[in-house]
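K.L.:
Sequence:
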Amino acid sequence: MNLDELLKEYSELELQLADPAVHADQHRARTLGRRYSQLTPIIQTYRELESVRDDLSAAKELGGEDEAFAAEAVELEERVPQLEERLKHLLIPRDPNDDKDIIMEIKAGEGGEESALFSGDLLRMYLRYAERLGWKAEIIDSQPSDLGGYKDVTVAIKAKGDEGVWSRLKFEGGVHRVQRVPVTESQGRIHTSAAGVLVYPEAEEVDVQVDPNDLRIDVYRSSGPGGQSVNTTDSAVRITHLPTGTVVSCQNEKSQLQNKESALRILRARLLAIAQEQADAAAQAERKSQVRTVDRSERVRTYNFPENRISDHRVGFKAYNLDQVLDGELSAVTQALIDAEMAEKLAQHS
Numbered sequence: 001m002n003l004d005e006l007l008k009e010y011s012e013l014e015l016q017l018a019d020p021a022v023h024a025d026q027h028r029a030r031t032l033g034r035r036y037s038q039l040t041p042i043i044q045t046y047r048e049l050e051s052v053r054d055d056l057s058a059a060k061e062l063g064g065e066d067e068a069f070a071a072e073a074v075e076l077e078e079r080v081p082q083l084e085e086r087l088k089h090l091l092i093p094r095d096p097n098d099d100k101d102i103i104m105e106i107k108a109g110e111g112g113e114e115s116a117l118f119s120g121d122l123l124r125m126y127l128r129y130a131e132r133l134g135w136k137a138e139i140i141d142s143q144p145s146d147l148g149g150y151k152d153v154t155v156a157i158k159a160k161g162d163e164g165v166w167s168r169l170k171f172e173g174g175v176h177r178v179q180r181v182p183v184t185e186s187q188g189r190i191h192t193s194a195a196g197v198l199v200y201p202e203a204e205e206v207d208v209q210v211d212p213n214d215l216r217i218d219v220y221r222s223s224g225p226g227g228q229s230v231n232t233t234d235s236a237v238r239i240t241h242l243p244t245g246t247v248v249s250c251q252n253e254k255s256q257l258q259n260k261e262s263a264l265r266i267l268r269a270r271l272l273a274i275a276q277e278q279a280d281a282a283a284q285a286e287r288k289s290q291v292r293t294v295d296r297s298e299r300v301r302t303y304n305f306p307e308n309r310i311s312d313h314r315v316g317f318k319a320y321n322l323d324q325v326l327d328g329e330l331s332a333v334t335q336a337l338i339d340a341e342m343a344e345k346l347a348q349h350s
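For what it's worth, the working numbering labels the leading residue of the sequence shown as 1, then goes sequentially.
Since the hints were derived computationally from the structure, they do not count as laboratory data. Just so you know, not all the hints are guaranteed correct.
What the hints assert, rightly or not - Computed beta-carbon distance windows for the label pairs:
1. Leu147 with Leu87: 45 to 55 Å
2. Ile139 with Asp327: 38 to 48 Å
3. Arg34 with Gly63: 42 to 52 Å
Note that the structure is a prediction, hence the values are computed from the model and not measured. Ideal placement from N, C-alpha and C gives every residue a C-beta, glycine not left out.
Could you put the whole structure together from the sequences, leaning on the hints where they help?
P.N.:
Below, the structure is given as structure tokens:
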């Protein structure tokens, strides 16, 4: 889409958002408002650039008669390429899911109990990161391990502002490897284990239509830690989406209905990811980076405790503040990945 089309769309959005009738439909108003917010920095930068170009033209005309205008022309000439570069960045096509919230699954892999403990460490890292950014995190389902970690845990993370969670955490998908002395190791030897992370943009009901006839819903007795009411009633729910074979289970809540709703949220997110894979080859390539099998050799990031080092192998990021990162200071890591994506897109569109 070129600038003329964006300017036209922006004007139309302004008219629509000024119409009280639009706000009677909250979903439509939210969708239009989100798009308006996305276009605003582009339009503002374009208008500023046009204004500076006009001022530069006038300053050059008057510069021969007045030194003040000549000096102003020099300053304006420096601003033009800066604004052009900013506009170039803003016009790079966005990931359509960047403003979405996410559902994240963390799964223990090789390494037994140590891997489950590391899954718990990753969960805490993401929860603390969300807390630092003012996001809301909610554990939807979990399978705790005996020593306090997680065999499997699913968390929903929602943003409060315009920036979606997906834009910052979409790169977390993949195998995360840890190197440390496990609490279960009596000889003090460093072990390597791994946990897998899967990230999905959370789908709204309007994004994914799920036909109830395509679902097989089984209820069963919850297992693992929990109160008596959890373990003595058929409150756990397993939903199978027959057309795709996707299976989702939830047992965290005491209510069968609550577990069903949580399972449907996860199912919609997974089905949205599947639909996007099928529709978009680029999205399919991106999903492949989120390794389904938690193999230590297929890793996106390594957490080395003896050296207090964190390394992201995709972009060559390395820092020696692992303790702080695990406490939620993840911004430098996520920004390195965002910057790498931006550089790649700039190279494609240059």
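K.L.:
Determine for every hint whether it applies to the structure shown.
P.N.:
Each hint, compared with the structure:
The given range of 45 to 55 Å is respected by leucine 147 and leucine 87, whose C-beta atoms sit roughly 53 Å from each other. At about 19 Å, the beta-carbon gap between isoleucine 139 and aspartate 327 misses the expected band of 38 to 48 Å. Distance hint for arginine 34 and glycine 63: a CB-CB separation of about 44 Å, consistent with the stated range 42 to 52 Å.
Going through the hint list in order, the structure does not satisfy hint 2, though it satisfies all others.
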